[in-house]
Amino acid sequence: MKSEDDLNRVMNEYADMVRRICFVHLKDRHDTEDVFQDVYMKYLLYKGVFENDEHEKAWFVRVTINACTDWLRNLSRRKCLPLDVIAEEGEALDDTAGQVMEEVLKLPEKYRNVVYLFYYEGYTAVEIARILGKKENTIYTWLSRAKDRLRERLGGEWT
Amino acid sequence: MNAIMDSMKEIRASEELKASTLQYLSGQRKVHSIPVTRHVLRYALIAVCLLMALGLGGYSVYRKPVSYISIDINPSIELGINRFERVVSADAYNEDGQNVLKGVTLKHVPYGKAIDRLLADEAYSGYLTADSVLVFTVVSDRPDTVIKEINESGTGHAYNAQIYTSDEFCMEEAHQYDMSFGKYRAYQELSLYDENVTVEDCHGMTIGEIQDRIEGCKHHRWSEDDVQQIPENNWGGHHGGRRGHHGRYR
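As you go down the protein sequences, you meet chains A and B in turn. Take the first sequence: its position 112, counted from the start at 1, is 112 in the working numbering, and no numbers get skipped. Take the second sequence: its position 87, counted from the start at 1, is 1087 in the working numbering, and no numbers get skipped.
Don't read these hints as lab results, they were simulated from the structure. All figures in this text were calculated on a predicted structure; none of them were measured in a lab. Take the hints with a grain of salt, since some may be wrong.
Below, simulated PhoX-like cross-link-like pairs (lysine-lysine); rule was C-alpha separation at most 20 Å, straight line [what the hints assert, rightly or not]:
1. B:Lys1218 x A:Lys106
2. A:Lys57 x B:Lys1218
3. B:Lys1030 x A:Lys47
4. A:Lys106 x A:Lys147
Kindly generate the complete structure, drawing on both the sequences and the hints.
What follows is the structure, given as structure tokens:
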């Protein structure tokens, strides 16, 4: 079991990232809180050793995405679209950022993941492929399609 | 690129969320760090209590299912599992399932072993073809434990099984339609994509046919989520096998 110091450290280090991944997938704060706790609970009980900081971060990315998809599998929760969160989270954003967020959240989940990891976290396609357990070409395809869709909706200038 | 950065940068974990999570984990840490000797004593005490309860007519405790597994391929069979992890009921929800249950004894057997026994049964194994889809659906207040047992029994890997979770409410609804809750869950998923599909339609379909229609609908509706599991132990290019999905363990 991980130490309290470890927990505090990873809370400071990854809480915002975990929260953002939850935001990309989930529909409201209550769901996010549950998944957020699940992710850190898994860390608390994780017995493996991380090779380095990047490995640890990638573990958090994977576990959070999996926890979100697990959550969404539940049909009763899945009936609502994740767009509800915009009302809560979008207050602090200007019109353009809010519109971009809305369009990103409308993307299929696999596209949302790669868009977030590529554009926000700054992972390369090779790294994303490794984290998500996909082929590199698949990531390029998803990114390309996601960009096309965003360009269709937001105009050609957004990138 | 900046637009995405701008749209996401205000999304942060609140101090309240961090604090409540740390508080929750602190409680969990105490639960998980009970010394082994205390665990042993606790289990011994539980065993004594159970023996007493059984001695006082607690057979009803033994007979009461606390978890359920729906096993669907075309035979649809539901196992009820008691708190001692033994099968206490085995019910078929179609003719194929009834025929299979006539020839295999599953009751009073640990459920992992019961699943192995069922899949190895001559009548049942006839349905396990290269094209068939084997689906386990779990209703339990500790689904992760049940899913782990299914995975560790080897059957999941051997037959490329998919694992889902459901709940008691859906199970009751399914039984009103005389359908296993595993197949009913698949029907519910299909109904998200195809408004015209009915329970009666699904009665006449195998779970694999329902899954095929779901996949077909997904491909025609890009806006639907195509969620996929990622092996959490994956690092450095190892690709895990096809894995089911499960609910929360908390």
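Hints versus structure:
1. For a cut-off of 20 Å, the pair hint linking Lys1218 (chain B) to Lys106 (chain A) stands: about 15 Å separates their Cα positions.
2. About 31 Å separates the Cα atoms of Lys57 (chain A) and Lys1218 (chain B), which puts this hinted pair outside 20 Å; it is violated.
3. For the hint linking Lys1030 (chain B) to Lys47 (chain A), the alpha-carbon distance of about 17 Å falls within 20 Å, and the restraint holds.
4. The suggested pairing of Lys106 (chain A) with Lys147 (chain A) holds, with an alpha-carbon distance near 13 Å, which does not exceed 20 Å.
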